[in-house]
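Novice: Spelled out from the first residue to the last, the chains are:
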Amino acid sequence: MLQVGLTHFLVIGAILFSLGIYGIITRKNAVMVLMGVELILNAANINFVAFSRYGNFGLNGQIAALFVIVLAAAEAAIALAIVLNIYKTYSNVNVDEISNLKE
Amino acid sequence: MTESLLITLSIVTLFLPLLGFAVVVLTGKKFSKMYLFEMLIISATLLISLTIAFFKLSYYPHDIVASLDWFKFSNVPGIGTLNFEIGVKIDNLTALMLIVVNLISFLVHLFSIEYMHGDPRYNRYFSYLGIFTFSMLGIVLTHNLLMMYIFWELVGLSSYLLIGFWFEKKSASDASKKAFIVNRVGDIGMFAGILILFTNYHTFTFDKIFEQISMGHLPFNSPAWLTAAGILVFMGAVGKSAQFPLHVWLPDAMEGPTPVSALIHAATMVAAGVYLVVRIFAMLTADAMTVIAIIGAVTSFIAATIALTQNDIKKVLAYSTVSQLGYMIMALGVGAYSFAFFHLVTHAFFKACLFLGSGSVIHAMHHEQDIRNMGGLRKKLPITYYTFLISTLAISGIPFTSGFLSKDGILAGTLTFGKLTGYWFIPALGFLVALLTAFYMFRLVILTFHGEPRDHHKYDHAHESPFVMAAPLVILATLSIFIWYTPNPVGADQGWFLSKWVKTPHTVVPQNQRFNFMKTEEKTAAAETSEPALHEAEAPVHGEITHSEMYTEAMHASHYPAMFLSIAMAGLGILFAFLIYQWKKISADMLEEKLRPLHKFSLNKWYIDELYDATWIAGTLAFSKMLYWIDSVIIDGAVNGAATVTRFVSRLSGLFDTFVVDGFVNFTAFLSGFIGLNFKKLQTGKVQTYVIFVVFAIIIIMLVFKPY
Amino acid sequence: MAGFPILSLVTFLPVLGMIIIMFLKKEQALTIKYTTLLITGIQLVVAVVMLLNFNYNAQGVFQQSSFQFIEKFRWIQVPGVSWLGTVKIDYFLGVDGISMPMILLTAIVSFIATLSSWNIEKSIKGYFALFLLLDTGMMGVFVSLDFFLFYIFWELMLLPMYFLIGIWGGPRKEYAAIKFFIYTLFGSVFMLLVMIGLYFSAFETLADGTKVHTFNLLAMMDPSNFSANGILSPFNPSNLRFIAYIALFVGFAIKIPMFPFHTWLPDAHVEAPTPISVILAGVLLKMGTYGILRISYPIFPDITKQLMWWIALFGMINILYGAFVALAQKDFKKLIAYSSVSHMGYVLLGMASLTTAGISGAVFQMFNHGTITAMLFLIVGVIYDRAHTRGLDEFGGLAVQMPIYAGFVTVAFFAAIGLPSMSGFVSEALVFVGSFSVEGIRVLSILSSLGILLGAGYMLWTLQRVYLGKLNEKWANLKDLDVREYLMFVPLSIIVIFLGVYPSGMLNIMTTSVNTLVNLVNNGFAKVLF
Amino acid sequence: MDVSNIIESLKLIKPEIAVSASLILVLIFDLIFHKDKKLIPYVALLGLFATGYFVIHQFGTTGFGFATKSTFKAFGMVTVDSFGTFFKLLILISAVLVLFFSSFSDEIKKTTDRLGEYYVLIFGMILGMFLMVSATDFLLIYLSMELLSLSSYVLAGFTKLRDRNSEASLKYVIYGSVSSGLMLFGISIIYGLTGSTNLYVINSLIQSPQINVLALSFALILVMAGMGFKISAAPFHFWTPDVYEGSPITITAFLSVASKAAGFGLLIRFIKTGFAAMTLNNGYWMLNPIFDWKLIIVILAILTMTLGNFSALWQNNLKRMLAYSSIAHAGYLLLGLAVFSNQGIAAILIYFFVYMLMNLGAFLIVMLIADKLGSEDVDDYDGLGYTSPFLGISLAVFLVSLTGLPPTAGFIGKLYIFSALIDAKMFVVAVIGVLNSVVSLYYYIRVLKHMYLVKPKIQPVEIIPGLSQKFLVLLLVVPVLFFGIYFSPIVELAKNCVVLLGF
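Going line by line, the protein sequences match chains E, Z, Y and W.
Using my numbering, you'd call the opening residue of the first sequence number 141 and step up by one each time.
Using my numbering, you'd call the opening residue of the second sequence number 3 and step up by one each time.
Using my numbering, you'd call the opening residue of the third sequence number 1066 and step up by one each time.
Using my numbering, you'd call the opening residue of the fourth sequence number 8 and step up by one each time.
Extracted from the complex, chain E is given alone in its bound form (with noise of 0.2 Å):
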């Protein structure tokens, strides 16, 4: 009988982490770069409260990804405006024509 365990938890959570690498690398657009910053952030609150459950390490955990999802929350809406602002000038969001500052 599968039991449900760490493990399992840990491996959704690095497969969030990776799809959240591989989002950001691969997506032209800028507001799916920052979703994948999102999957990144719910790896790591999958982790905390997943040790938090299991480890028992007290609640620490828990409300350490309640702060996250917080500051998430926080950072999509500043992200977002600066793409807004990104689009005005350049009347795209592709990140990689975003390109004049280098070298």
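These are calculated hints, taken from the structure and not from any lab test.
Hints are not guaranteed to be accurate.
What the hints assert, rightly or not - Here are a few chain E residues that sit away from chain Z, every Cβ distance over 12 Å (derived from the structure): (1) Q143; (2) A154; (3) Y162; (4) G198; (5) F207; (6) L220; (7) K228; (8) V235; (9) N240.
To be verified - Residues on chain Z that point at chain Y, a partial pick, calculated with CB under 7 Å: (10) L21; (11) W168; (12) S175; (13) F182; (14) R186; (15) L197; (16) D457; (17) S626.
Virtual Cβ for every residue (Gly too), placed ideally from N, Cα, C.
Please arrange chains Z, Y and W on chain E, whose structure you already have, making use of the hints.
Specialist: For chains Z, Y and W alone, coordinates are given in the frame of chain E:
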């Protein structure tokens, strides 16, 4: 006349010419008559010198020495006090040299008044003569090697200035440069020799060095080093006295005014080399003496053969000077010390006379120096002719002249040397040179003064020189007669010059390093050790016997053979000269034709200059160019090259500004540029690329780190 | 004199001048010039006053009590904690027989260089301000007895030099300036590391008996001040000391400049304006050799003895290499620059001998090279000012056109050749006397003597090409020296000849100190007591 | 956690409270006086001075704030000690200076209508930084870093005057959030391995042998990535040049000094609190051998300074050049950390103090020139040294100081860094360090070359700074020179601020 007064006078006589130089050189531009001041000075110097010489030779049998510390290092670790002394030593040699130098200098000054008349740098010329006299007197008066070296270089300077006096001519400035540099080659050797002695004895003073050697203290405890020191110091003489292989500068030095040639390049400065060897004679080992004898003999032979074919009146005389200096050096090498010095003195007078005579001719012929354009001048320039003739007889070694006495002595010395050591080629060369000398000197006389004039235009304008030029000639010619040196016209041994004034010094070289014939016999040696006090009282320093009895006997035995042989040689030479040039019994052209290769070889001075040009000079310049190339290309910019590449790349990609060009142009520059360039490329401006880099960085760090 | 801070005066006087100049207006060009002249003049007078009060028998070198005109007070002090010892740096100035000649040299050359700066036209104010700052830097190096202070002065003159070459220099000035800067900085950063290493290795015992780390050079010379496990302690068997010596030496060698670090010199000289070339050759190069004598030798006597052959070898290479390359030059100034390389080789050779004669010769040569080369650069400057070219082959016969000038040229050239009766001879002779007497480097010494010959070669050739021969008609209107130029040459000529005739004037100053140094180095770390 | 603990803790965070209060005050002022923004800078300044008062008072105070667990000793989320206070002071001084900069800056003047937001965000940054340097709990570390980041993301693109402002902002936010994400993931793993987020607790737990070293290393490297981002250590520095160039110059200056200082404060505290077993009597730390910090820091340091210096060689834009230069300086600072000793930390503190003066000075001059010239391109600086001697000489002093030549303060910073290295016998690293500083000379001096040596193609503009601007420049020049000659005060201060609470 106390000793201290003599010393004072000698110092005065030393510095007077310097004063003359300083005053004339500084004021000569403003006052056109400043040369008279120099004349005054040289007259005073001459008078004082004569006084000193008179008193020294008459009243003081021993040496008069005074010295002081020029500078010193006290409390030197391991040594104590290190003195750099300067000082004056007046012995008989000094006294005689004082007369020779100052007399000839005075006469040359006199001669120059007319000869140099009208030169734009007239006063400058006299000031240079002043500094020369000063330097030469320094060499004469010094009692140590350091000061000798200092004045050695200073005569070099005055020689440089005077040879290049007409520096507008390229040949003159070339010659002066050559003279200085060639002399420097010898000087380096001399300096090295001095260093060997100083390192071991911590003194430069001749007497102190000799004293230490005589006590058995050899340089670096090895007789080989003593030989080396002797030969190295002798190197200085090789340069200054124009011995082979450094003789090449002297003929070129004839670019200077003729009176200068008479004074510096015939009578005095070039004889300084001989004087130096005379000074260090006491410390020469047998090996060193052999080297010296060989160099002297070879030089005299080479120079004599070259003189045979030269057409420039001064060149002939120059080579004859080289040849005669070779004689003196050879004489020292074979141990005929006193004759060498004797020849120095006699040669100084008759050679000065010859040069001034040639000056008179050149002056009369309006600076024509080629003897092929002369002839028949006997009638136009009688005084010049007769004085010239007397001197020529002297140099050829005809009896009743001073030259005969000294030359005869030298030849006897070589003969004895050959007999005692088996080096027969040295006397052979000596006699051969005697023949050649007589030949080329008479060739010169005949072509210049006898026969018909070959350039009538110049001949017609020629006229005898005025008094100030003639008087020196007469005086010098008179001094070429035997009577000044000895009452006996065929043997100088009993004359005051050799019996009283010049005696061979006691050699200080260890017994086993001497020639057999110079070894102190046991009898004498015993006397030396048992009765040193008595010995000293009787015969201080110069009175000692250097040569063994064996030598004295052999010398005695070879006196007459040598005399007859030398007269025969001279006569033969003169005969040939007359046969060929006067009576034209043998055609000179025919001889030239038959002996073409030899003639060319002689005319071109054995191609020695060409050889040096092609090897040393060209080599040095090529080497220096190569080093400079290396310096600017390889050392400076392992990467001037790399920078070029960078620049090329920069143009190509259009990425850089002039930054690279004036950037670090060396390897680090290139490297940093290169690194920077690649780092720069990482900065693509695309944020996703950055993220990729970060991810990769993390992976790489994990791998490098190997925490597992 | 006791108590009067004469060394601070001589060092910081130029800074005072600089401040005065800062407050002057750009337009007051003449005032600025005269201010500078006055300041350097006073500096010279102060230096002479020091000389007059100088005690010839005081040893100096490693003994604080026998240094003269000492100024020492606490500059930086931070009380220590367990992991950080008391930080203590002294403002420590003093003079002994080795630094005194250098101080004189600096004062003389600065004064002459001021005279020669008279026809600078571009931003005069900046020029003279930087010039004076440079002066302070140079003087400071020669009077510091604290490594930290020494280093600060050492670096202080980099920037003024950069600008002086870079702004007032020739066509490739930017390149030359940066090359000079980078090279020197490259050397000095290593010096910095060694300095720190020594700091952590050496102690000084304070008055209250506590031991603190120190930058005091004199304390570093006493082995009893080193702890056994200090990184650069002589008791530490690691070879770090050896490496440190090399690093320090490279720092100094670049300044000398020693082959193969010399390539900045020709560029810097050629591009720098005349007065700066004069300073550069006259004083700056000496800082390298001075540093070796003041720091490397007494602090690392053991390594010095080990490496003496190598130092002599590089001395020889410098002499011969510089001379050969000089022979190949077509640019007058470059030729003089390479001749400097050659002449500084004698200094190295003399130092390597570790004998009194050799080191005295080296120090004396430092002084003489300073005055002689200053003259040579002034000579180049004179024709460059008039003809605006320095090509050796473009001239000829100037001796006819400019006889007075030619007279000074003769003096300077023959002094450079090492003609007796000129100061250069005495120092070169002493160098050879010293180096020849040491068996290990005798061969090198003999080979080096070839440099005398080559020196005569390139100098006389130059003399011939530029001054002798027929006058090139192009230059028939060049004027002879004016009064100001006359004033630059006369004192230098007098010094050169005076010291050639009476070398004791300079040698006596240094003998006691040099003896002490020789003892110190030769005895390794055995305590030296006379 | 009881009330008294909270009250005690509040006493410890007075400066932070003051910052927060100022933030709110500025916000309120902005709302009330939205027509006239002139007052806002003064209010902000007042707030900073008030904060300064508390910061200075905090020197010597130590304590843990907001302890979370009673089973262990009362370790808190916030640790107050002199080390942190030093950094707070540093941050505060640079904030004050940046405030002045802002009042001169043309860029900021053009956006006066949003001035309130600007100051509010700056206060946000300050608060984040204050918390960063005293945080000893991963949670607070993360939160404070985010607070700093979020404020700076906005500020980077604040002026919106040019395209590059927005671009900088976007890059910053993407790069920054990825970094913080990575770090957070790392933190979550550490939490899983040790069961705690408190550094002190982690320190004591981490010694147990059953810790999975691979996982821990991975987590720590991720955390390093986050912190490396803040201090722009290679290879996490890529955002720096782009963002520095794109941001308003005042913000660039602030980021390059304060943000970096906070990052370093955090990094040092993190390593020492988390991994040092004890500090030996001679000042060296005994680090827990579980992770080879020395190797990684040395590698990062060398990489950072080399990359920074060599890239800077090629820059024509002065801002960008200074960005790379600040990367290089981060490398030197990491060298100070790499010795893991109190000496090294003291060197870092000294260096930072000096770096603040000279770097802000350089940015100030660049700003003043850019305002007039409209360009930060080095080619446009040709001949400027003659027409604007005051600015020219001042910039020369700052650049020379940045190179590290005496007699400027920059030399003292370098001296102490290299002293620490030599003392720790890290000779090779020291040699690489000094060689790097030789390279750095090249690009700094290049600016001077353009100002003084290069002949201008067109007549250069004359820039005469106002009296207050001159005063501000002097305020930075004089200490740079003064501390170069007399540096006892900084050393004294640094020496007293090295010790972290608990060791």
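Novice: Run every hint past the structure and note whether it holds.
Specialist: Going through the hints against the structure:
no. : hint : verdict
1   : Q143 : 28 Å, holds
2   : A154 : 14 Å, holds
3   : Y162 : 10 Å, violated
4   : G198 : 28 Å, holds
5   : F207 : 24 Å, holds
6   : L220 : 16 Å, holds
7   : K228 : 19 Å, holds
8   : V235 : 6 Å, violated
9   : N240 : 7 Å, violated
10  : L21  : 14 Å, violated
11  : W168 : 10 Å, violated
12  : S175 : 4 Å, holds
13  : F182 : 6 Å, holds
14  : R186 : 5 Å, holds
15  : L197 : 4 Å, holds
16  : D457 : 28 Å, violated
17  : S626 : 4 Å, holds
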